[in-house]
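Number of protein chains: 2
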Amino acid sequence: MHIEMLSKNKIKLIQSLNRKKGRDESGLFLVEGNKMVEEALRSDFNVETLISTPSFLGQLAGLDSRAKELVEADKESIQKASLLQTPQDSMALVRLPANTEPEITPNTDLMLALDFIQDPGNLGTILRIADWFGINTVICSENTVDAFNPKVVQASMGAIFRTSTVYTNLEKFLAKAVAAQLPVYGTFLDGKNIYTEPLSAKGIIVLGNEGNGISDPVSRLVTQKLVIPTFSTGKNKPESLNVAIATAICCSEFRRR
Amino acid sequence: MHIEMLSKNKIKLIQSLNRKKGRDESGLFLVEGNKMVEEALRSDFNVETLISTPSFLGQLAGLDSRAKELVEADKESIQKASLLQTPQDSMALVRLPANTEPEITPNTDLMLALDFIQDPGNLGTILRIADWFGINTVICSENTVDAFNPKVVQASMGAIFRTSTVYTNLEKFLAKAVAAQLPVYGTFLDGKNIYTEPLSAKGIIVLGNEGNGISDPVSRLVTQKLVIPTFSTGKNKPESLNVAIATAICCSEFRRR
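Going down the list, the protein sequences come from chains A and B. The first sequence: position 98 = 98 (the working numbering), numbered continuously. The second sequence: position 2 = 2 (the working numbering), numbered continuously.
Quick caveat, the hints were computed from the structure, so don't treat them as lab data. Any given hint could be a false lead.
All copies of an identical chain are treated as equivalent in the list; a pair is satisfied when it fits inside any one copy or across any two copies.
List time: in silico BS3-like cross-link candidates among lysine-lysine, alpha-carbon distance up to 30 Å [as the list claims (entries may be wrong)]: (1) Lys237 / Lys202; (2) Lys235 / Lys68; (3) Lys202 / Lys192; (4) Lys237 / Lys20; (5) Lys12 / Lys172; (6) Lys235 / Lys35; (7) Lys35 / Lys225; (8) Lys151 / Lys35; (9) Lys237 / Lys35; (10) Lys80 / Lys237.
Fair warning: this is a prediction, and the values are worked out from it, not measured in the lab.
Only chain A is shown next, with the shape it has when bound in the complex (with noise of 0.2 Å):
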């Protein structure tokens, strides 16, 4: 092993994982940054390649050797290879993990679905809330952010390594849910009090978009409408909480009953 420059196809291979197709096509997403390259080693996901600095090698205590291919590389290529503003000295060429979908029975556990999410900060701070709540499954409509895209899986600060991920057409999975007599939550203006309202340790937590929250499809099926009261008595009232601080105040009611 022998200390390199980055060879052009690979810094090609590394730029296309910031688009889906490129992520899609080599079956590979990306990780960047020392703390989060470490959180991939000491996951049970696939590193395909670890490129690092030798000083940060060191660092890594033999945790690299959980990667299957290591490319010494110095600061400078590694910096012309970056996506991020403030490059770090090592990066991670991660296997994309199956996208397969939970079963559904009366008992499973507490998930949350999204419903086209678009921003990919909230994508990755609704993961690592749902990671703090030890929720393991987010279900995600196809037109949410791919939570592999570099920006989500930075935003997750690791969370993306411990919580399944699953795309599929959420109208169908949340009908099955209600099939199987699951409970499916979701917040709405006319929702009943989520401070008083019984909860149950099972079942579906639904989160709308951004600007329109719930679509309407998705919004039939939903079985308990909730609300988050605003505590606010001034003459204006503000309209909305933030998609990802609703989703942590939805986590911390269900989790601390």
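Mind docking chain B on chain A? Use the hints.
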């Protein structure tokens, strides 16, 4: 009144409001985007100058009379002056409110205190959460990002007009609260479970820096240490929640009781 190009001096003034120095010198802050401009006009803040296209002015239905000065401008010159990536049809120059520290009594309503929040998006989101939960005052340490930074104003989605932000020496302020026997709450890894601890409807909730949490001098003034417990059961556990997410969960827990 006729449609005009914005003068060079007006454009210079507008763009100076991107920096704290410019805001301090003019005593103004910048509000961009049609919805935000409407919120400014509906609020108790003093709108010094409303800049609008004639067509948006028509939609304001007389609300524009709340502005001291009205400049009808064409979209091109609004675009030229704008700090936004996607400029809209209006902007407002609004007078900075007084920075008056609230009196502390043992009956002081629930407040937030921010210890070195650096990210404008986080501060805007925190103001939005405070507004939702009817928390009227947000005390900011002197090293917290300025609430009248255009990015904070934008991220607050109008909460900046409904929440009083006060910049002060946070340690001195909290020392007064402690002397008045007002509870000072903060979240720490070794705190007591927020879901089971008794929480007062009065007091101050301290939120810490994005990377480092609550600073040592401030943590010595926290009288009630809390923790938001993780429900993660995996081998690799998440380390932390984003500060805005932690704020949301704290506010929700304090207010629901």
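Just pull the numbers of the violated hints for me, sorted ascending. 5 and 10
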